[in-house]
Amino acid sequence: MTSHTFDTVQVGDELPILQVAPVDRTMLALFAGASGDHNPIHIDIDVARRAGLPDVFAHGMLGMAWLARLVTGWVPQSAVRRLDVRFLGITHLGNAMQCSGRVAAKLDHEGERCVRIELQSVNQFGQVKLLGEALVAIS
Amino acid sequence: MIDKKWIGHRFPASTLTIERGRLQFFAKAIGESRPAYTDLAAARAAGFPDLLVPPTFLFAVELDSGTLERLITQLQIPIPKLLHGEQGFTYHRAAYAGDTVTVHSTITDIYEKKNGALEFVVKTSRALNQREEVVAELRSVIVCRH
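From first to last, the protein sequence lines stand for chains A and B.
Numbering of the first sequence is given in my numbering, commencing with residue 1 and proceeding in unit increments.
Numbering of the second sequence is given in my numbering, commencing with residue 1001 and proceeding in unit increments.
One chain only, chain A, in its complex shape:
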């Protein structure tokens, strides 16, 4: 992991992109079990169809977990103070999410030097599925 300092980091700096493989049913089955989210709408096509949907779709928290990986790939997890996301749209099977982050501000937060990172997760069609922010301490 590259180490960053408050002085060297600049507003506008971009985090290295995290490109995730296209969502498939195996991923959703594994995430259902590992995350404890057993809602069948994510893993059982019959349930999804009865709900009027064409197919199963990804858990929102799977998309957030990828954004968290992006952040903890840039700073150690111990530096992460906040992580907030909004889920803007359904992440469908076949969507290959590109997670990106950009330094939006350098600030003092509760007596600590921090940077605020704007986060987004976009599929291969340019559709934004998650938007968020991370606040990370940086000395």
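Hints are not guaranteed to be accurate.
[Stated by the list, open to error] Covered stretches of chain B, going by a simulated chain A footprint (3 or more residues, C-beta under 8 Å):
1) 1019–1029
2) 1085–1094
[As the list claims (entries may be wrong)] Derived DEER-like restraints, expressed as beta-carbon distance ranges:
3) V128(A) with I1007(B): 30 to 36 Å
4) P54(A) with A1042(B): 41 to 47 Å
5) S78(A) with N1115(B): 44 to 50 Å
6) E110(A) with T1106(B): 19 to 25 Å
7) P76(A) with G1098(B): 19 to 25 Å
To be clear, the hints were calculated from the coordinates, so they are not data collected in a lab.
Cβ coordinates follow ideal geometry from the N, Cα and C atoms, glycine included.
Based on these hints, arrange chain B on the given structure of chain A.
Chain B in isolation, oriented as in the chain A frame:
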């Protein structure tokens, strides 16, 4: 309509002892392969007492206990209309495999938009470890789409 009487409702605490194998399974499911999340010897060599709990894993505590499912049932939100609108975590200290985390949740707001076509339920939570130290605060916005 979701009854606004639920604002202020506190849910029974949920407790989860975070097992190493569960974290390895979670890491696999999210494509996390760095050794501090998957390999005990590597985590210890890096100075951690055990495998690191990834940032979003704490959301599992109230799923495992069934608290989240009961909330959705009690509020009479049909599963097909349910969406996760927002999620936030504020972190206070690290959690590791072997920790027992207890989550206390309260419904802090219920509101609607678009003349009731969208209803929002805000739940805020505190996650404490076995030493009663605050590990994180969580904020979830659940959406019911009519």
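For each hint, the structure was consulted:
Figure legend: the region 1019–1029 of chain B, annotated as covered by chain A; annotation consistent (5 residues with Cβ-Cβ distances under 8 Å, at least 3 required). Proximity of the region 1085–1094 of chain B to chain A, defined as three or more residues with a beta carbon under 8 Å from a beta carbon of that chain, is established by the 8 residues found. Range check, V128(A) to I1007(B): about 31 Å between beta-carbon atoms, so the 30 to 36 Å window is met. Taking the beta carbon of each, P54(A) and A1042(B) are about 42 Å apart, inside 41 to 47 Å as hinted.
Here the CB-CB span from S78(A) to N1115(B) is close to 46 Å, well matched to the stated 44 to 50 Å. Our hint of 19 to 25 Å for E110(A) and T1106(B) holds, since their Cβ atoms are close to 23 Å apart. The hinted range of 19 to 25 Å is satisfied by P76(A) and G1098(B), whose Cβ atoms lie roughly 20 Å apart.
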